[in-house]
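J.: Assemble the dimeric complex from its two separately framed chains, guided by the hints.
Order-wise, the sequence lines are chains A and B. Under UniProt numbering, the first residue of the first sequence carries the number 1, and numbering increases by one thereafter. Under UniProt numbering, the first residue of the second sequence carries the number 1, and numbering increases by one thereafter.
FYI, nobody ran anything at the bench for these hints, they're computed from the structure. Heads up, a few of these hints could be off.
Listed below are the simulated SDA-like cross-link pairs for lysine to any residue, each with C-alpha atoms no more than 25 Å apart in a straight line [as the list claims (entries may be wrong)]:
no.	chain 1	residue 1	chain 2	residue 2
1	B	Lys372	B	His106
2	B	Lys225	A	Phe43
3	A	Lys66	B	Lys463
4	A	Lys64	B	Asp528
5	A	Lys66	B	Pro526
6	B	Lys225	A	Arg36
7	B	Lys211	A	Lys66
8	B	Lys232	A	Lys64
9	B	Lys463	B	Asp528
10	B	Lys225	B	Ala425
11	A	Lys66	B	Phe400
12	A	Lys66	B	Ala425
13	B	Lys225	A	Asn31
14	A	Lys64	B	Lys463
15	B	Lys28	B	Ala425
16	A	Lys66	B	Val399
17	A	Lys66	B	Trp48
18	A	Lys64	B	Ile91
19	B	Lys306	B	Ala74
From a predicted model like this one, the values you see are computed outputs, not experimental measurements.
Residue-level listing of the chains:
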Amino acid sequence: MPSDHKTGLRWSNWNLLLLVPLLMLVTPWFNMDEPRVFGMPFFYWYQFLFVPLGVLCVGLVYLKTKDEPVVTGKPDKLGVDDLDEGAN
Amino acid sequence: MQWTELIVFSALFLLVTVMGFLAAKWQKGDTLDHLDEWGLGGRKFGSWITWFLVGGDLYTAYTFVAVPALMFGAGATGFFALPYTVILYPIVFLPLVRMWSVSRVHGYVTPADFVKGRYGSHWLALLIAITGIVATMPYIALQLVGLEAVLRSMGLNGGGILGHLPLFIAFVILALYTYQSGLRAPALIAFVKDILIYIVILVAIVYLPSKFGGWGEIFNDAQAKFDATPAKTDGILLNGNNQLQYATLALGSALALFIYPHSLTGILASRGRNVIKRNMVALPAYSLVLGLLALLGYVAISAGTKPIVNQATGRPDTNTIVPELFGQNFPSWFAGIAFAAIGIGALVPAAIMSIAAANLWTRNVYKEYLKKNATPAEEAKQAKLASLVVKFGAVAFIVFVDPQFSIDLQLIGGVMILQTLPAVAIALYTRWFHVYGLIAGWIAGMGYGMWLLYNIGNPAIGKAHFAGSALPLGKLSIFGWHPFGDSAVQIYVGIISLLVNLLVAVVVTLIAKKARAFNGTDQTDPSDYHVDEDSPRVKPVAAH
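Bound conformation, chain B alone (with noise of 0.2 Å):
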């Protein structure tokens, strides 16, 4: 057990529980009965707020543990993470602000509120939030990935059921403040959480580096373990075969992330249009600070850190890496601040996720199909207990399934998620889809992106399916032809499953056009997408 570690991480998480709780009475709105107050911290955020709001809940505890993890042990591959997260802003810039506008006209919490506005088909709305809540829960379970592998390497690393318990108060813990607080409690928190990583960051990019012979000398130990390995993907470049599965993860993951539910509630929080665009121009520092992160993985190599094994799955535990490396190179108080920035880390992202699915579930389960007539007041309460059961299922997900099998979830979720682009995101600019095609392409997409993963396999690791995202070209098949021969160019399984259900929407929209099926009814007008907060036209907040 590592005392002073535990100590400095308890008292910080401490303070930070304490904030929690006071966070509801912090720019405190009439009601929190309202979705608008509890689900969206009033809808009025403004740049600061919303650059640690956002920025706390795009670069999780888990891409922090994850990333550099993956450059140790597969090198260059690992580094997607810098250019997904600095393609991401330019592309989503334009797209993001015509959704803010058009949700404060309606009233909108969710993309699937947006697209049932858009369609007026409550199945396709449907299809939306189930794709949401079923992408996001994995992705809430990887939070508590993080913060176990900063529990166990501070000695919380206990054998069976009893070993997850200190993993379990803590999500308790969480569970109850963001019920009482909503949204304004991970806003609040994130302040500490990235004042937290910032200094960490800083101080061990600038003094690990100098410990173990300069970057000179880290790199050139990374190209003689990967050599050294039989595998011919790793290395500290990327090789012939890897390039294309680089660029089309880094663009797919770009293109997914902000039609994840989560982030998108970060973005309705904030109070303007401006406030989005000056956070577009702003976010990238975090991603400065990720891919200085991702170069830790190498560091680590030179360190010679060692992945602790994980006593309830027997297993080394390659997420360890991060706060090993920290455990071992630094005094013990900074040790334990560091991983109270990678634990706090996983508390910011892991509520606003459970906020945002539980948004979707009260506004497009429940009022749509249970109890349409419920008041303001009912939808506050159904979010509030349904965030308690998402939680719930994320600790069950770790406690009673192997980690691993978040993981690919995740990946899997990834995936999913892209085949709401055209639903959500494309719908923004045009309504040439039919719905029918919209559905028709998310059916196909699906499937086929389902059936690509499950085919991968990876015999290193004794996987036969869901072994990764990336497809060698060779493997692709359209009904047994094979388009590709045997090439061994690998693709990212996102990308393809998105041409395949937009090719798909294409063809059906074409033939729902010439039958002229019904389309829905759009409720938004075209001047909806440019309406700033001045407008007289934003609907209230919190209105009855």
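Chain A with its partners taken away, still in its complex shape (with noise of 0.2 Å):
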């Protein structure tokens, strides 16, 4: 299906992973001393353990919601060694 005829808003039930990092603005969760990791208190780790998760979130709802290629006939030429086509 051409990108042109898909009209208003799409929504995918995967979008409400976006949410979760939000969880990380909870400070009462977060704002303690102990346990600590390699001598880091825990307000620190816990809050550097949210980075690999919204990496997680972001990345499945970009897999789950990629649209099918937009053009028929043709694979999908964005893979992710070609990425730069116009660089070299």
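T.: Written out as structure tokens, the structure is:
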């Protein structure tokens, strides 16, 4: 289906995953010193853990809501290795 | 004078200067005489280039010196930079691709272009453009603060106007190659900047903690330092009064970042929707670096680093903490690389910001009001000149006005840019708001936000106004009524002013709809927001 024909809002329940990293804003859950890891208070390493968690959530939404190839008949040529075609 | 550092710094600076000038030929389009080419690099950057460009744009030199400085001075509150840059990407993941698509179909170059197309109101667009320019200017000036912190650490710490000469020279060079190459210059230089930053931070974060007894010792030293100060707000943990401020500042900053014109410039320069989506997944790598860098503020406490005294203002400049930490604990050549990383780190965002401001000026003021029938070539010429004006304006700010003023203004800038959220971001999804509602909301949010900021004082540093963005809820008054009593719990002003903005926008919208006031013409079609790079409907790049 050409991208032009999709209209209005498109919704996928996978998008709800984007809300998960916002839990990082609930400070009472992690505003404490113990337990420490490698000497680092809980407050710090807990928040560092949200970096991979955020990547995981956004990455999953990206993979699960990927549009089908928009040009029918041609393979999706946007492989990870030939991203910057214009650069060469 | 620290000669080794200076030589390494100058060599790397020379390298990026050559790259900046050569960038004009890199992935060249048919002509540079069009804003699509000069101002958006031909709208064809792939995932890698966009990652370096947007990363270099968002994680600025100022962030790299100011966040550790904040940790050094106040402790845990400075760590808000981490949640800010983590929640950022999930929040903007969906709206940004819509913005890209609609801009690609209609050839929009700035957020104000989109607002004009969406609401058909050049007055609303003008409001958005001016907000963008005013909020971006002090941001550019702050990059100079970062650059100057490095220059002064290398011994170029003269007094008076002459003391600013090295900064001035660096900026003239930057201005010249941005003038010539446009967005391609920072895109190419960003590779060097980001690679240097990664090397420096990784080495620092592995080597320095072991030198000062490990992380446990470092955190204990920091706690001991904060315990010894009379201030109750500092410490390696948050307290009852600043947790709400921590969360709302992170949220407000995240909401604001991608409506800054310079962030959108990086997004609109990318080739397609998938490029943007992949970057939303990959950009948090920089957040990790920023978090680690923030902790260097504590390392500096353990190391006993002292901020150097800025000879131009006569005050100790805490922004020199990180450069000083590197200078004292690494061999000179490595310190030189670290200084270059921060210095070049200032050039990339400064260039992109000046291009974004120049685009706004050209598209939404010059072409709209001064020369309606300007050709694309005239637009490009105007933007190039505007980028020069913007940069020299920023230098003048630093030289003639106290740098502290730029920092205050940047704080204000964040609150200001948030007021454009309903017109720029919400409008991507719905046209429910009436154009009168958006204008009234902007005025109310802007006015209330500025008034609140004006009234925030900090007796400890002898400032009566604009001393921060944390407002005690007890100070919040609605025409003299204090809904939260005398609570000392703090909140970020930006969030409050945004709420006021939205409230007024809703009320005025309801009234305007009741009165059947004309709500402008929408140039966009619902399907425009999903168009991807392969669609025949995308507007040809640099078409005349």
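J.: So which of those numbered hints doesn't the model satisfy?
T.: Violated hints: 3, 7, 8, 9, 10, 11, 14, 15 and 16; rest satisfied.
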